[in-house]
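Trainee: Here is what each chain is made of, one letter per residue.
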Amino acid sequence: MARVQPAETVDLASPVHDPLQRTAPHVTIRGLSKRFSDATIYDNFDFDIPRGKLISVFGPNGCGKSTLINMIAGLFPPDAGEILFDGQPLSRIKFGYVFQNYREAMFPWLRAFDNIAYPLKVMGLPKAERIRRVEKIVANLNVKIDLKLYPYQMSGGQQQLVSIMRALVVEPEILFLDEPFSALDYEMTLFMREQLQRIFVDTATTTVLVSHDLEEAVYLSDRILLLSRHPARAVEFVPYDAPRPRTLKTLSEPEFISTKAHCLDIFQREVRKG
Amino acid sequence: MKRFEVLLPLVGVAVLLLIWSLTVWARLVDPVLLPSPMSTFEAMWTGMASGKLGVDFLKTVERTVYSTAIAAVIAIPLGVLLGSSEKLYRSVEFLIDFFRSTPASAMFPLFLVLFGVGDRTKISVAAFGAALVILFNVAYGVMNARKTRILAARVMGASRIRVLWDVMLLESLPQTFVGLRNGVSLALVIVVVAEMFIGSTDGLGQRVFEAQQLFDMPAMYAAIFAAGALGYGLNLLFLTIERRFVHWSGR
Numbered sequence: 001m002a003r004v005q006p007a008e009t010v011d012l013a014s015p016v017h018d019p020l021q022r023t024a025p026h027v028t029i030r031g032l033s034k035r036f037s038d039a040t041i042y043d044n045f046d047f048d049i050p051r052g053k054l055i056s057v058f059g060p061n062g063c064g065k066s067t068l069i070n071m072i073a074g075l076f077p078p079d080a081g082e083i084l085f086d087g088q089p090l091s092r093i094k095f096g097y098v099f100q101n102y103r104e105a106m107f108p109w110l111r112a113f114d115n116i117a118y119p120l121k122v123m124g125l126p127k128a129e130r131i132r133r134v135e136k137i138v139a140n141l142n143v144k145i146d147l148k149l150y151p152y153q154m155s156g157g158q159q160q161l162v163s164i165m166r167a168l169v170v171e172p173e174i175l176f177l178d179e180p181f182s183a184l185d186y187e188m189t190l191f192m193r194e195q196l197q198r199i200f201v202d203t204a205t206t207t208v209l210v211s212h213d214l215e216e217a218v219y220l221s222d223r224i225l226l227l228s229r230h231p232a233r234a235v236e237f238v239p240y241d242a243p244r245p246r247t248l249k250t251l252s253e254p255e256f257i258s259t260k261a262h263c264l265d266i267f268q269r270e271v272r273k274g
Numbered sequence: 001m002k003r004f005e006v007l008l009p010l011v012g013v014a015v016l017l018l019i020w021s022l023t024v025w026a027r028l029v030d031p032v033l034l035p036s037p038m039s040t041f042e043a044m045w046t047g048m049a050s051g052k053l054g055v056d057f058l059k060t061v062e063r064t065v066y067s068t069a070i071a072a073v074i075a076i077p078l079g080v081l082l083g084s085s086e087k088l089y090r091s092v093e094f095l096i097d098f099f100r101s102t103p104a105s106a107m108f109p110l111f112l113v114l115f116g117v118g119d120r121t122k123i124s125v126a127a128f129g130a131a132l133v134i135l136f137n138v139a140y141g142v143m144n145a146r147k148t149r150i151l152a153a154r155v156m157g158a159s160r161i162r163v164l165w166d167v168m169l170l171e172s173l174p175q176t177f178v179g180l181r182n183g184v185s186l187a188l189v190i191v192v193v194a195e196m197f198i199g200s201t202d203g204l205g206q207r208v209f210e211a212q213q214l215f216d217m218p219a220m221y222a223a224i225f226a227a228g229a230l231g232y233g234l235n236l237l238f239l240t241i242e243r244r245f246v247h248w249s250g251r
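Residue numbers (our numbering), protein chains in the order written: chain W, 1 to 274; chain U, 1 to 251.
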């Protein structure tokens, strides 16, 4: 008998139950609806976010890119629908969220180090443990910033990096970033893309990035979610499999160019529909 | 040149003293009404060092500090409470604005009936005026806490109480200090007025009034300048405390 079902035995073993390799979606969104006073942004929206991938959300202005991750991350509630993480509600999981406006998301009365440690304090960890965890993430990310400084003493890129570290210090199962680099200058944006890519390669955390920059969205992502005008539908979930680490050379490779052109086509079609 | 820029604020002072001296020297104004700068500062020096002026000065400091402290102890917690719920604040906003606009000096007769002619009346009227100013500023400071910062704390799992304590309270500090500076200035105004009229025997207001009654003009000017120095000093004190503890203000 034992020889008849070897496949099943193997299936029950490591790969399926190793969370990094499991193929079941990480986040399932079902029947999501959201109305603002003047428009229906989501109407019965279904979507699955794959595990351990970096996905970008891209679409026309005002289509609800940020609204989507804000609802997934619980910043405000949907009118209807269900969002589950491995079948669990948001309150049961650890997640990180990075705001576009780092200036207003950091706590200016705390030094960078204490800003990063803050979510650990909320979790009720003792001080020694907080310090250990922050030092660990600083070492892992190889960050060379003076963390004794206050946020307002740092450059925009440094502040956003601190902000990303604050999101990562809890060892989140999923990381959300809402246009994290759009307030930075181009040089800093390029640098921060590399930082984010490195973090993703190191941690393989499921990452959802909202971007208004198609080049950035394709360059960083495993999959690009293209949304229609509101009420938003998932028009296409474009894969992009270029190996990591991707470099500036990646930007001129045919696969990158064709993927970007394809996304742009769909985007323009959706824009014209409005 | 740069080194001398720190001296710029003194230019206005020098010009004022010059015009004053010239006016006295040219006898443009009756010398009884306008004594020379020298005799004024002499009166100030002797008054502060050994005369009644020093005692009155300290008395006014004491009353102003008491009334501001009482106002702060009442108004800051209340302001945080009201500011943490916009609905709550809106429901009492009219009352606050109304009494904030009522001249506190109009309340003297009422407070006299309540507290008698002693220090308690002066301090409580000043505290009343200052408290409303502080309350209003604290409440607005809490209400105008950056939404993103509150959301940031919320997504990190902070409870409502923790958000209030860790974020809103600190966010409101710069505005709280605006309230404290305005409050202490108003308290000083009210204390000095109270000292002038309602059966007072001491304080800067009393000193100014008495010197005027006795036609001792150098002493009157000296007392006025002492009051000015006190107001300026209190404001500066709060600014210094603010810079020290609210280092992120305006950044």
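Be a bit skeptical, because a hint or two may be false.
[To be verified] To give an idea of the interface, some chain U residues facing chain W are shown, with a C-beta separation under 10 Å as derived from the structure: (1) 17; (2) 170; (3) 246.
[What the hints assert, rightly or not] Computed list of chain W residues with no C-beta within reach of chain U, every gap over 12 Å: (4) 43; (5) 81; (6) 104; (7) 123; (8) 124; (9) 163; (10) 185; (11) 241; (12) 269; (13) 270.
I should point out that these hints are in silico values taken from the structure, not numbers from a laboratory.
Only a predicted model underlies this, so the values are computations on that prediction, with no experimental measurement involved.
Using N, Cα and C, we set each Cβ at its ideal position, and we do this for glycine too.
Trainee: Confirm or reject each hint.
Mentor: Structure-based check of all given hints:
1. For residue 17 of chain U, the interface hint is violated, the least distance from its beta-carbon to any beta-carbon of chain W being 41 Å, above 10 Å.
2. For residue 170 of chain U, the interface hint holds, the least distance from its beta-carbon to any beta-carbon of chain W being 5 Å, beneath 10 Å.
3. For residue 246 of chain U, the suggested interface contact is upheld, since its CB lies about 8 Å from the closest CB of chain W, less than 10 Å.
4. With a closest Cβ-Cβ approach of about 25 Å to chain U, residue 43 of chain W is found to remain outside the 12 Å limit, as its non-interface label requires.
5. Remark: the non-interface label on residue 81 of chain W is consistent with the geometry, its nearest Cβ contact in chain U lying 19 Å away (cut-off 12 Å).
6. Chain U draws residue 104 of chain W into its interface by the beta-carbon criterion, the shortest separation being 4 Å against a cut-off of 12 Å.
7. The claim that residue 123 of chain W lies off the interface is violated: its Cβ sits roughly 7 Å from the closest Cβ of chain U, which falls inside the 12 Å cut-off.
8. Not every CB of chain U is more than 12 Å from the CB of residue 124 of chain W (nearest about 10 Å), against its label as outside the interface.
9. Non-interface status of residue 163 of chain W relative to chain U is broken: a Cβ of that chain comes within 12 Å, the nearest being about 9 Å off.
10. Under the 12 Å C-beta cut-off, the non-interface status given to residue 185 of chain W relative to chain U holds; the minimum distance is some 20 Å.
11. At roughly 31 Å, the least C-beta separation between residue 241 of chain W and chain U is larger than 12 Å, which holds for a residue marked as non-interface.
12. Consistency note on residue 269 of chain W: stated as away from chain U, and its beta-carbon is indeed over 12 Å from all of that chain's, at 34 Å minimum.
13. Here residue 270 of chain W stays apart from chain U, with its beta-carbon at least about 29 Å from theirs, past the 12 Å limit.
In this structure, the hints that do not hold are numbers 1, 6, 7, 8 and 9, in rising order.
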